[in-house]
Amino acid sequence: MKKAISINVNGTPHNTEVEPRMLLVHYLRDALALTGTHVGCETSLCGACTVLMDGQAVKSCTIFAVQADGSQVTTIEGLAQNGELHPVQEGFWERHGLQCGYCTPGMIIAAAQILERNPNPSQEEIRHGLEGNLCRCTGYQHIVEAVEYAAKKS
Amino acid sequence: MSKFVGQRVKRTEDPRLIKGLGHYVDDIRLPDTLHVAFLRSMYAHARITNIDVSEAMNTPGVVAVYTGRDLGEKIGPVPCAAALPDLKVPDHRPLASDKVYFVGHPIAAVVATDRYAARDAVDLIMVDYEELAVVVDPEEAAKGGAVVHEKFGDNVAYKLTAGEGDIDAALASADKVIKQRILNQRLAPIAMEPRGVLARYLPGEEELTVWSSTQIPHLLRTQLALMIGIPENKLRVITPEVGGGFGSKLNVYGEEALLGWISMQLGKPVKWIETRRENMASTIHGRGQVGYIEVGCRNDGTITGLRYNVFADLGAYHQLLTPAIPTLTGLMLSGCYKIPAIQINVTGVFTNKMATDAYRGAGRPEATYVVERAADLVAAELGLDPVEVRRRNFPKPDEFPFKTATGLFYDSGNYEAALDKALQNADYARLREEQKRARDEGRIIGIGVSTYVEICALGPSQAMPAGGWESATVRIEPTGKVTILTGASPHGQGQETSFAQIAADELGVDIGDVTVIHGDTSIVQYGIGTFGSRATAVGGTAVYIAIERLKEKANKIAAHLLQADISKVVWDENGFNLEPEPAKVAAGAGVPEADLPAGQAPGASLPEPQIEGKKSLSLQDIALAAHLAKDLPPDMEPGLSATYFFEPKNFTFPFGTHIAIVEIDRETGEIKFQRYVAVDDCGKVINPMLVDGQVQGGIVQAIGQALYEEVVYDEQGQLVTGTLMDYAVPKAAMLPWFELDRTETPTDVNPMGVKGVGEAGTIGATPAIVNAVVDALSPYGIRHIDMPIKPENVWKIVNQQS
Ligand code: FES
Ligand code: FES
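Chains A and B supply the protein sequences, listed in that same order.
Take the first sequence: its position 69, counting from 1, is numbered 69 in this note's numbering, and each next residue is one higher.
Take the second sequence: its position 502, counting from 1, is numbered 502 in this note's numbering, and each next residue is one higher.
What the hints contain is simulated information worked out from the structure, not anything from laboratory work.
Just so it is clear, the structure is predicted and the values come from calculations on it, not from any experiment.
Every residue gets a Cβ at the ideal spot worked out from N, C-alpha and C, and that includes glycine.
Do not rely on the hints blindly, as some may be mistaken.
As the list claims (entries may be wrong) - From the structure, some residues in chain A lie toward chain B, with a derived Cβ separation under 10 Å:
#1 22
#2 77
#3 137
As the list claims (entries may be wrong) - Computed from the model, here is a short list of chain A residues facing chain B with C-beta under 10 Å:
#4 26
#5 30
#6 35
#7 39
#8 63
#9 66
#10 81
#11 82
#12 90
#13 98
#14 116
#15 121
#16 123
#17 139
Stated by the list, open to error - 25 Å max Cα-Cα, derived DSS-like pairs, lysine-lysine:
#18 B/396 <-> B/421
#19 A/152 <-> B/396
#20 B/338 <-> B/396
#21 B/403 <-> B/338
#22 B/731 <-> B/19
#23 B/421 <-> B/672
#24 B/481 <-> B/421
#25 A/153 <-> B/10
#26 B/19 <-> A/152
#27 B/338 <-> A/152
#28 B/672 <-> B/790
#29 B/268 <-> B/338
#30 B/481 <-> B/396
#31 B/672 <-> B/649
#32 A/153 <-> B/19
The task is simple: from the sequences and hints, build the whole structure.
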């Protein structure tokens, strides 16, 4: 029943046998112990599980691990390079873009994608770009400021 | 003197969280962990005639299946801490045995080697139900008809009347009495991290550890010990990172006890992580009040009396505080006004729904909504500006402490100052002119004002079900590093930072040298927890006073080592100095660097403190001397730590003014914010950035209640809003920019003058938004509209008339 897959996660190749129905998020969390990617709904609605798959922000709760076979995945743990925070991570810290931190990894990945597509987004564009990600703590204003900070920085 | 307090200090908790390296319950991995999944009722009210678990048991990977009948009374009832006279308390066990009372009621627990197998097996449990009559609407429930708990005969769990002043006379002699039915709809707290429990029993040590996503680790430990029947000192509750609570994790849930018990049965770690669907159905809801207000006033706008008759929709069972929530509503019915006669009549009713309980604000948003709607109703009735009605009824700053007709003493306040600042920031007069012009152009614009006061820093123990104090231990380690153990259990509010700010200032150390530990009952002395905007005002004060105590001891040690009289030793941020103080090197030189490097090689021995000839000793010198204990004042205990349990003498009463400006789209009925202006006064501010964050998050939850959110059950008691698809949590693009400002009126309830801010936004903002929409619709004869205000309802109003 199990299927062999090979996925490159945060620059490290992994060859694993998984159940075909295993969700990508569970693969990352359970098989690879990368628990920075969170689960908030399992139904593609909250964005807590957002990761980059071949450069695209995707909700890893709605993708089977087998669908990610052969792809490059970046999770929150892989965002900092050589010990240097990604500008979005820095922005979240500087501008108090997080409280409980549960939505944060998904938010940061989604925000990084926004900036990749549009290095100088307006506040409205930022808010729009974050529509797939829910935060119950911050009210989003500091998140918007965090992304603006990152845009200026990068 | 304060280098850190009052500053926008970046959070010390953030680095781990932005890197994805924090540990929430589900991130904790123990070998051989078994996974639990629940079968929950799909009916709102039914008799269970049969349960067949045989097929589930045969599923590969399944280790055990437990039903309510297996459990019997082996686990004690889920506790309710509310003490109300003649309260009916149904027997509430973790699993249903004979009957189910709401959709989501747990029936059976499957334990399996992985979570997929556990969920598979849940689907294979066969339950025969015999459906029973359902009651969903609280007013219907109070009238009779279908009964939730047969043994009580009816659905009224309690009735309660509170308030002072002759309300009948006040209403009879008023120039005008305005009546309005008013709804505080059921809401779902929706912490982004659902609940989760991991339990591990060690049969040898006879020790049970429960990791739970909770706001109250110590209270939970006490309750779980009683429920499971394990000595409290053999039970350890650990609260790792908690992904939001908002009151929903200020509770004791059946699942928490059951997981602990199962782990004891099986001798293995067991884990349950709530799914979002379970979270919507089986984690407490908030609000749920249907009320009728009668407000009496004089023609000049003076409010003379307020009565609130309310049906509180309790749900099928009491959770920890369920029936107590409306009592907080009663306490806050005076708002920030002098109202001589106030009465609340609560009828708490059982319905076939999940329990309501504390959700951010917990009874106070309901009160503020009632009072602030009442103020606007008075203004509309008398043709007065809503701002004038408010001004007329404020107590003046010199009237504090101000006694309300609900029996409270408001500590301090300057309501007019906050109002004036908000009006100025919003440019209220010009807004009204613009509104007029816009109306002439056919645009529909509304301005809503809310002047609120909230009750925070819960609270004096006399007024609390389980202690209202908070604890702190402050320890200076031999190397001079500072450790704080707080009984408060922050979960996003940032007290790891704000408490470190307090300590850094009071001890003259760098903030990086302070570690704040919380949420582990085996490490931290007993504490109460984080809720009711109390962590900083009560828990922070405990830290502050513990530091004072510790410094007294350090002072004595310093005097002894400097061979001086204690009166000659003066503390400043550089340490303990002999008077007259030696000239300082340069201002801002800070703490003299340690003789002990931070990364001391393992095994290196502690150096002797160099005292001789010194006129000043650093905290580090003293800490080392206190631990080496070779030369301490006679009879002094070694070590340098202090523990303090702070009991507040009163609540605190933060306040403020929120102003919402909305525009309504005539074509769609959509409500768009033009601006949102708020001035909040939470007393002294420790970290303005964190305060802003609390206010913004709170306002958004208020916007959620005002415009979007509602837990809906249909007539059969089916939960219609069972997913995030059906329950509208506000998203970034739905929200305005918040223009925030502050006034600062300290309290004398605690030495730092802090009041608390966690719930301000949720309490202050909801009525401002509704008042704005009603104001916009007033040309259509609208005086009130119920929440959530949907575009559909607005559209009907606008398009019927034009
Ligand atoms: S967990 Fe994937 S979107 Fe919510
Ligand atoms: S920080 Fe808590 S959900 Fe976003």
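Results of checking the hints against the structure:
The beta carbon of residue 22 of chain A is positioned within 10 Å of a beta carbon in chain B (closest approach about 8 Å), and the interface hint is therefore held. For residue 77 of chain A, the suggested interface contact is upheld, since its CB lies about 5 Å from the closest CB of chain B, less than 10 Å. The beta carbon of residue 137 of chain A is positioned within 10 Å of a beta carbon in chain B (closest approach about 5 Å), and the interface hint is therefore held. Because the closest C-beta pair between residue 26 of chain A and chain B is about 8 Å apart, less than 10 Å, the hint holds.
At about 8 Å, the closest approach between the beta carbon of residue 30 of chain A and any beta carbon in chain B falls short of 10 Å, and the interface hint on this residue holds. The interface hint given for residue 35 of chain A is met, as the beta carbon of that residue sits about 4 Å from the closest beta carbon of chain B, less than 10 Å. Because the closest C-beta pair between residue 39 of chain A and chain B is about 7 Å apart, less than 10 Å, the hint holds. For the restraint placing residue 63 of chain A at the interface with chain B, the shortest Cβ-Cβ distance is roughly 16 Å, beyond the 10 Å limit, so the hint is violated.
Because the beta carbon of residue 66 of chain A sits about 14 Å from the nearest beta carbon in chain B, more than 10 Å, this interface hint is broken. A cut of 10 Å between beta carbons decides the hint on residue 81 of chain A: the least distance to chain B is about 12 Å, and the hint is violated. Interface hint at residue 82 of chain A: violated, since its Cβ lies 13 Å from the closest Cβ of chain B, which is beyond the 10 Å cut-off. For residue 90 of chain A, the interface hint holds, the least distance from its beta-carbon to any beta-carbon of chain B being 8 Å, beneath 10 Å.
With 10 Å as the threshold, the beta carbon of residue 98 of chain A comes within range of chain B, its nearest partner Cβ sitting at about 6 Å, so the hint holds. Below 10 Å, beta-carbon pairs count as interface contacts, and residue 116 of chain A has none with chain B, the closest being about 18 Å; its hint is therefore violated. Because the beta carbon of residue 121 of chain A sits about 12 Å from the nearest beta carbon in chain B, more than 10 Å, this interface hint is broken. Below 10 Å, beta-carbon pairs count as interface contacts, and residue 123 of chain A has one with chain B at about 7 Å; its hint therefore holds.
At a threshold of 10 Å, the smallest CB-CB gap from residue 139 of chain A to chain B is about 3 Å, leaving the interface hint in force. Restraint check for residue 396 of chain B and residue 421 of chain B: the C-alpha separation of about 16 Å stays at or below 25 Å, so the hint holds. Proposed proximity of residue 152 of chain A and residue 396 of chain B is contradicted: the alpha carbons are some 47 Å apart, above 25 Å. Proximity of residue 338 of chain B to residue 396 of chain B is assessed by CA-CA distance (about 10 Å); at most 25 Å being required, the pair is judged to hold.
Pair hint residue 403 of chain B plus residue 338 of chain B holds up; C-alpha atoms about 9 Å apart against a cutoff of 25 Å. Proximity of residue 731 of chain B to residue 19 of chain B is assessed by CA-CA distance (about 23 Å); at most 25 Å being required, the pair is judged to hold. Distance check on the hinted pair: residue 421 of chain B and residue 672 of chain B sit about 24 Å apart at the alpha-carbon level, within 25 Å; holds. Taking the CA atoms of residue 481 of chain B and residue 421 of chain B, the gap is about 43 Å. The hint is violated against a cut of 25 Å.
The hinted pair formed by residue 153 of chain A and residue 10 of chain B meets the criterion: a straight-line CA distance of about 18 Å does not exceed 25 Å. Restraint check for residue 19 of chain B and residue 152 of chain A: satisfied, since their Cα atoms lie roughly 21 Å apart, inside the 25 Å limit. Note on residue 338 of chain B and residue 152 of chain A: the hinted pairing is violated, with a Cα-Cα distance of about 50 Å set against a maximum of 25 Å. Of the supplied pair hints, the one linking residue 672 of chain B and residue 790 of chain B holds, its CA atoms being roughly 12 Å apart against a limit of 25 Å.
Of the supplied pair hints, the one linking residue 268 of chain B and residue 338 of chain B is violated, its CA atoms being roughly 59 Å apart against a limit of 25 Å. Taking the CA atoms of residue 481 of chain B and residue 396 of chain B, the gap is near 47 Å; set against the 25 Å cutoff, the hint is violated. For the hint pairing residue 672 of chain B with residue 649 of chain B, the CA-to-CA distance comes to about 43 Å; that exceeds 25 Å, so the pair is violated. For a cut-off of 25 Å, the pair hint linking residue 153 of chain A to residue 19 of chain B stands: about 18 Å separates their Cα positions.
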